[in-house]
Amino acid sequence: MQGGSAAIPATQHPVTQQDHAGDRDALRSVFVGYTITAVFWLLFATGVGILLAYKLGAPDFAPQPWLSFGRLRAVHTNATFYGFATLALVGLACYVAASSSRTALHSTRLAWAGLALFNLACLAGTVALCLGYNDGNLEYREWPWPIRVVFLGALGVTAWNLIGTVAGRKTEDIYLANWYTVGATLFTCVIATVGVLPWYQQGLGQVSVSGYYMHNAVGLWFTPLMLGIFYYALPKRLNRPIYSYALGVLAFWTNLVFYPIIGAHHFLFTPLPWWLQTTAIVFSVAMFVPVWGGTANFLLTMRGRVSDMVHSYSLLFMFVGVIGYLVGSSQGTFEAFRSLQEVWHFTHFTVGHSHLTMYGFISFGIFGTVYALLPLATGRRASRFGMAVHFWLALVGSFIYVISLSVGGTIQGLDWMAGKPFIQSVIDLQPFFIWRGVGGLMMFLSHVVFAWNVWRIAYGREPAPATAPRASLAGEAPA
Amino acid sequence: MRQMWLIFGGAFAIYVVLAVIMGVLPGFALSSIEPTPGLEPLTPLEAEGRAVYVANGCSYCHTQQVRPLPQDRVWGRPSAPGDFAYQTPELLGSQRTGPDLANVGARQPNATWHYIHLYNPRAVVPESIMPPYAWLFETVDQAPANVPAVPLPAPWAPEHGVVVPTREGEALVAYLLSLKQPPLPGASEAGAGGDASHAAPVGDGSATRTEEQPSEAEETAGDDYRYDPARGESLYVAYCAACHQPGGQGLTGAFPPLKGNAAVNDPDAARHIRVILDGLQGEEIDGVFYGSPMPAFRTSLDDRDIADIVNHERRSWGNAGAFVTAADVAAHRAAAGE
Numbered sequence: 028m029q030g031g032s033a034a035i036p037a038t039q040h041p042v043t044q045q046d047h048a049g050d051r052d053a054l055r056s057v058f059v060g061y062t063i064t065a066v067f068w069l070l071f072a073t074g075v076g077i078l079l080a081y082k083l084g085a086p087d088f089a090p091q092p093w094l095s096f097g098r099l100r101a102v103h104t105n106a107t108f109y110g111f112a113t114l115a116l117v118g119l120a121c122y123v124a125a126s127s128s129r130t131a132l133h134s135t136r137l138a139w140a141g142l143a144l145f146n147l148a149c150l151a152g153t154v155a156l157c158l159g160y161n162d163g164n165l166e167y168r169e170w171p172w173p174i175r176v177v178f179l180g181a182l183g184v185t186a187w188n189l190i191g192t193v194a195g196r197k198t199e200d201i202y203l204a205n206w207y208t209v210g211a212t213l214f215t216c217v218i219a220t221v222g223v224l225p226w227y228q229q230g231l232g233q234v235s236v237s238g239y240y241m242h243n244a245v246g247l248w249f250t251p252l253m254l255g256i257f258y259y260a261l262p263k264r265l266n267r268p269i270y271s272y273a274l275g276v277l278a279f280w281t282n283l284v285f286y287p288i289i290g291a292h293h294f295l296f297t298p299l300p301w302w303l304q305t306t307a308i309v310f311s312v313a314m315f316v317p318v319w320g321g322t323a324n325f326l327l328t329m330r331g332r333v334s335d336m337v338h339s340y341s342l343l344f345m346f347v348g349v350i351g352y353l354v355g356s357s358q359g360t361f362e363a364f365r366s367l368q369e370v371w372h373f374t375h376f377t378v379g380h381s382h383l384t385m386y387g388f389i390s391f392g393i394f395g396t397v398y399a400l401l402p403l404a405t406g407r408r409a410s411r412f413g414m415a416v417h418f419w420l421a422l423v424g425s426f427i428y429v430i431s432l433s434v435g436g437t438i439q440g441l442d443w444m445a446g447k448p449f450i451q452s453v454i455d456l457q458p459f460f461i462w463r464g465v466g467g468l469m470m471f472l473s474h475v476v477f478a479w480n481v482w483r484i485a486y487g488r489e490p491a492p493a494t495a496p497r498a499s500l501a502g503e504a505p506a
Numbered sequence: 008m009r010q011m012w013l014i015f016g017g018a019f020a021i022y023v024v025l026a027v028i029m030g031v032l033p034g035f036a037l038s039s040i041e042p043t044p045g046l047e048p049l050t051p052l053e054a055e056g057r058a059v060y061v062a063n064g065c066s067y068c069h070t071q072q073v074r075p076l077p078q079d080r081v082w083g084r085p086s087a088p089g090d091f092a093y094q095t096p097e098l099l100g101s102q103r104t105g106p107d108l109a110n111v112g113a114r115q116p117n118a119t120w121h122y123i124h125l126y127n128p129r130a131v132v133p134e135s136i137m138p139p140y141a142w143l144f145e146t147v148d149q150a151p152a153n154v155p156a157v158p159l160p161a162p163w164a165p166e167h168g169v170v171v172p173t174r175e176g177e178a179l180v181a182y183l184l185s186l187k188q189p190p191l192p193g194a195s196e197a198g199a200g201g202d203a204s205h206a207a208p209v210g211d212g213s214a215t216r217t218e219e220q221p222s223e224a225e226e227t228a229g230d231d232y233r234y235d236p237a238r239g240e241s242l243y244v245a246y247c248a249a250c251h252q253p254g255g256q257g258l259t260g261a262f263p264p265l266k267g268n269a270a271v272n273d274p275d276a277a278r279h280i281r282v283i284l285d286g287l288q289g290e291e292i293d294g295v296f297y298g299s300p301m302p303a304f305r306t307s308l309d310d311r312d313i314a315d316i317v318n319h320e321r322r323s324w325g326n327a328g329a330f331v332t333a334a335d336v337a338a339h340r341a342a343a344g345e
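One line per chain: the protein sequences are A and B, in this order.
With the first letter of the first sequence counted as 1, position 222 gets the number 249 in this note's numbering; the numbers rise by one all the way through.
With the first letter of the second sequence counted as 1, position 329 gets the number 336 in this note's numbering; the numbers rise by one all the way through.
If you are wondering where the hints come from, they were derived from the structure by calculation, not from laboratory data.
Some hints could be false.
Said to hold, decoys possible - Pairs of lysine to aspartate or glutamate residues, derived as EDC-like cross-links and limited to a Cα-Cα distance of at most 16 Å, are as follows:
no. : chain 1 : residue 1 : chain 2 : residue 2
1   : A       : Lys-447   : B       : Glu-41
2   : A       : Lys-197   : A       : Asp-50
3   : A       : Lys-447   : B       : Glu-134
As the list claims (entries may be wrong) - Computed Cβ-Cβ distance ranges for the label pairs, DEER-style:
no. : chain 1 : residue 1 : chain 2 : residue 2 : range
4   : A       : Thr-306   : B       : Ala-341   : 26 to 32 Å
5   : B       : Val-295   : A       : Phe-426   : 52 to 58 Å
6   : A       : Thr-305   : B       : Tyr-93    : 24 to 30 Å
7   : A       : Trp-479   : B       : Pro-151   : 41 to 47 Å
8   : B       : Pro-51    : A       : Pro-173   : 21 to 27 Å
9   : A       : Ala-415   : B       : Phe-35    : 27 to 33 Å
10  : A       : Ser-134   : B       : Pro-51    : 50 to 56 Å
Unchecked claim - Covered by chain A, according to a simulated footprint, are these stretches of chain B (three or more residues, beta-carbon under 8 Å):
no. : segment
11  : 303 to 315
12  : 328 to 335
None of the values given here were measured: they were computed from a predicted structure.
Positions of the beta carbon are idealized from the N, C-alpha and C atoms, including for glycine.
Same shape as in the complex, but just chain B (with noise of 0.2 Å):
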């Protein structure tokens, strides 16, 4: 008995304090960290989404947590302990199968977008690998007054009626917009753009070249400013391409092209630029009628960005518009803003 009582007994009681020491007691130490400033604890309609994106196992696939490594920096900030104060289960995730999704409600902020995507994600991402989700959504002959139908492109769309999210689809679109980094204090300052949340894609090298050049003297000396082909291009895939579409012919119904579109290759970029900055809903492009809003990339994106972008679209897909330069924007951003 006494041999029992030391082996089993001493390895049960050296077990007990290990486990009380690494796993109980941070468990305690770690549950009371404050919300980071500015982080909002969920709607009752986003609380209801995150239960169906835990429900459906979102998180095998996409992490909710962004290293403080340069790899991470297309996905937002790096995570602070107080990001997660709201979220039990916690869902960081150890696979990024698909995009880590800590900040998707800034980068994708297009509702219309993410209910084409959840029914079937190769509508706008032909390579997607995501499984559909079909069963957020129902055919209906209208859709109601206060739902949406999504404007489905044509192989995907049913023959007849509309579709139109359920109410744990909108829920889960709802809490997908809702994933959104808030800056940290301190941060805003130094980083570029002068916005925690800006995410510059990282190109060949580009991370270290964000990091050397200062954000003030890019603002200030617009002259200065030297169009970047391989920054635009990561940029446009970064920020534009899931609507838009690599190629740049967008989804008719849904999203506009960009590909021949007039405003695009007009040699006055003022319309081009304005769209960018502030956004754009209902309006007919090319004989079609565009319901879904772009929102606006005022606040997420800085000048150079901006003209890097419109200069990739201006010398893509066959199209031929001028270049502007980050003076052009800087000054559209002026006038526009008052």
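The following block holds chain A by itself, in its conformation from the complex (with noise of 0.2 Å):
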């Protein structure tokens, strides 16, 4: 079960670029096709974000039902997830199947399948909660069961597709980054039929379950995704192997574990059976071990190569979301303590929370990867000032988004505990919903140019540099 070698596996079958021309084509449409409507559906969702964030303030603005705040606010979450992130990370994880086993994807059709689909259930899912058809308020499941059952098949028809690949690899071992990969689509499959099968979801029963299934979604979908790719994108963009496969290993391992268990921290005080909260406090603590040694792993992976990273905006984009991945998660241990959980549940600490990892942890990963590996695919790149406008914009700006819900989160918790009137607390978060819309403002902008970065990298003119000197180190032919 553990992999022999600890260096992207490459060097043990040299294969000429022109025997996969074909191939190479195939993968870079299908790469660049998921980034593209992931980029679409970033920009719709952080668009519909800003609307939100305006709306708290101006609460008269834009009345028609289909742009009311309960309405959008599920369309910002859900084209947040099951747009942007997944169609994102699924595009980059196809080209980290394929290029780490060295072989061409399993079938560019089901991938082509796989991208409709999931785009078709985005689409008819944010239609049909603007119309205000939903499956009830249960955060990330929102949308009607029909269209959660095509997700699913998107799903199913994707796990296929890199089995399918990986199973074709032309390298002994299947590299690390796969089996997070893998392991993501596979555990998902099984969370989205979890969440729709209706038999054991009466009142307090489907309490548990969204517990559950909130939980597991964001845990064992993105995060495994995330920390896969991470896995192929950093040692391939620094030319050295992972610091500690054995460590990547052990973090795949107690993830899997530790993550399903729990899901309840996000029910503590409610009549969910007491055992059931406590454990999922226990295991909220144990997460510590994949999260440190996940993050120790990188970092180490980064150790030594300052001058490298200052001067690649792909790096400091990866950097900047193993930091996220680090606090956000330990944040999130935190949060499920008791003592703390009394003062910031229920407020907009907890929405801080959900930037930090979805922003911080997430999205800046998908940015740094796609940076450092659609090039690869393209052969061309954007550039640098383009690059460093997005990073210091996002950067900027999910800090001010972050800090300003925690510490209005905070006051809104302790108006409470004082016992102020309900409204002052209302009163108390204006002017931080001010700054989370001047700091959500800047992460849209920065979106914009991404976007056009991202159309420089697929379609523009300028080549990416020929292959650094170093990269026979990792021994790899730009696939």
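Make the complex out of the two chains shown on their own, each in a separate frame, by following the hints.
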């Protein structure tokens, strides 16, 4: 079960580029297709986010039913999760599976089918939510169930395709990155199935399923996908093997065993059984093992390469993503303690937390790995200036966003504990809502720049620099 | 191939087992919990209103779960497992951008207030950031016989005709008014005020004070009553200010003013106390007719609560009524109850 080679296994079977020109073209167009549609959903979802942030300060703005806060809130979260992050990560996972296995995608047609189904589900889900059709305000599974079945179909297609690709590998071992990405698609097929079946979802039973679902859909889909892609992109970009293959294996199994158990920490102090809540808290602490282990592995892979880091925006994005993983996940553990949740639960602190993780970790990770890997697929690149504008707008914007909501949410919780009239907590949040809007606007503008950069990498004219001198260390031809 | 089976097959098998243990089995076990005694299934109209609530994502800003924590006492008694027996999809929520609604039907039983508030929340709560739900209403020349016109205050009222709720609007308000926590067996004897749904608003440290003072002593020894202005204010904010407004000015045509109100300034507090105990409807006050009913607080507030509220109203906003004691309230409660 342990992989033999710590490096990206590429040296065993040198393949000439001409042999696979057709496969390479197919892989490139799949990767570009997933990334372009992901960027579309990113612009849409964060545009909706800006509108929502504005509405918190101007509640009478845009009063149409389909633009109302309660409907758009679910549109924002679902489009971010299942439009942007899912499509971007699946595109990256396809590229990583084929490249690290030194083979072609198992089926280009399945990849396109997955792309079509993911987009169809997102489009139909968005329209349904705007029209007021949902299966309950159940976080991240609001889409009517037939649409979620379409999404499940897309997941199944993706899992099959990734497994097929890895099965056809021309390397001896399955590279660690694929453990994470294939595992994520398999786990998420289970999560989506558990979430959609109705027989055990009455009343409080549904509450316990909600706790399971909302946490697993994040932690066993986005987290392992992103970590897996880091395990390929970081060594690739730095031209050095991952620091410890064994540590990566340990993080994989501990994440798998601990994560599914902690969902109920979203429902502390509810009438859910006390043992379920306490178990969730205990394993939230156990999450320090995979989180700190994984982070250490990435940071040690980067050790001593500061000059490379500061000269490469793809590495800077990935560095922030790794730190976002560390800080966001550790924060999640602390939020699970009853004493702290007493203050923070129900407040906007939790909104700050979800942006620290989904943005500081997942989105920065996606930005960095797209900048690292997409040019390898297309042979073109974005301008350094464009990536710099994207990086600094996104970084400063998300700092403002997360810090303002963390402070504002804490004040909100303390207001309640001090027994102030409820409306005082609404009034006290107003200045922080303004800062949230400022930060959110900067993040949105950074995505416009990202879209431009991706366009240049996909269809631009500037060729990517020739393979770096030390590329032979990893031994891989540009795939 | 063996390597693939070990890694992917092993991980998948482990995950399926964990998903069943942590997701499916608790779901089965908790799906068949008996309803809390006294909890009624929704009527067809209320169920329709619940669908409106779900369609518009109300629970992204409003929880329906009361935690066993001091700061949650304003929202009602702690939620019990059986409270959610008829609740599918569940609406516990994860955010309190707005107030908890688990017990809003008891805390805020006035349908007129809900209609005005839904049409535009800032008509009754100026600082509110809740969206307006005007599409649950329509403007007509004359209200149909069985549908109440919504007495909107001036800035929000239409130039011509009157605003009435649509079927969806009526259903939503019916649902909100149905959200009442049934008292838990055993809790009523121990709870202050003799009513489990009674929530003592928490001032600085007043939570602990409420716990320390046995309610029986308060009720029997009315002579010991001492007016606590902080308590009076927080009770007023919790139970009265939504309609009569924090400044006591009311909303002309919908909720009468208490500022300068004759009954509030009358040295004889009988009418003031009786109205709070038993409610009021259809009176003309200062030349304005008020058609919407004020609810009775006889069962939800005890004598000391009502005395504190009465005294707060009598000494605020320039009012100069005489003080009352808990014993006065007890006397009126006994007299009017027979």
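Against the structure, the hints:
no.	hint	verdict
1	Lys-447(A) / Glu-41(B)	36 Å, violated
2	Lys-197(A) / Asp-50(A)	14 Å, holds
3	Lys-447(A) / Glu-134(B)	15 Å, holds
4	Thr-306(A) / Ala-341(B): 26 to 32 Å	53 Å, violated
5	Val-295(B) / Phe-426(A): 52 to 58 Å	54 Å, holds
6	Thr-305(A) / Tyr-93(B): 24 to 30 Å	28 Å, holds
7	Trp-479(A) / Pro-151(B): 41 to 47 Å	57 Å, violated
8	Pro-51(B) / Pro-173(A): 21 to 27 Å	26 Å, holds
9	Ala-415(A) / Phe-35(B): 27 to 33 Å	54 Å, violated
10	Ser-134(A) / Pro-51(B): 50 to 56 Å	51 Å, holds
11	303 to 315	violated (count 0)
12	328 to 335	violated (count 0)
The structure fails hints 1, 4, 7, 9, 11 and 12 (numbered hints given earlier, in ascending order).
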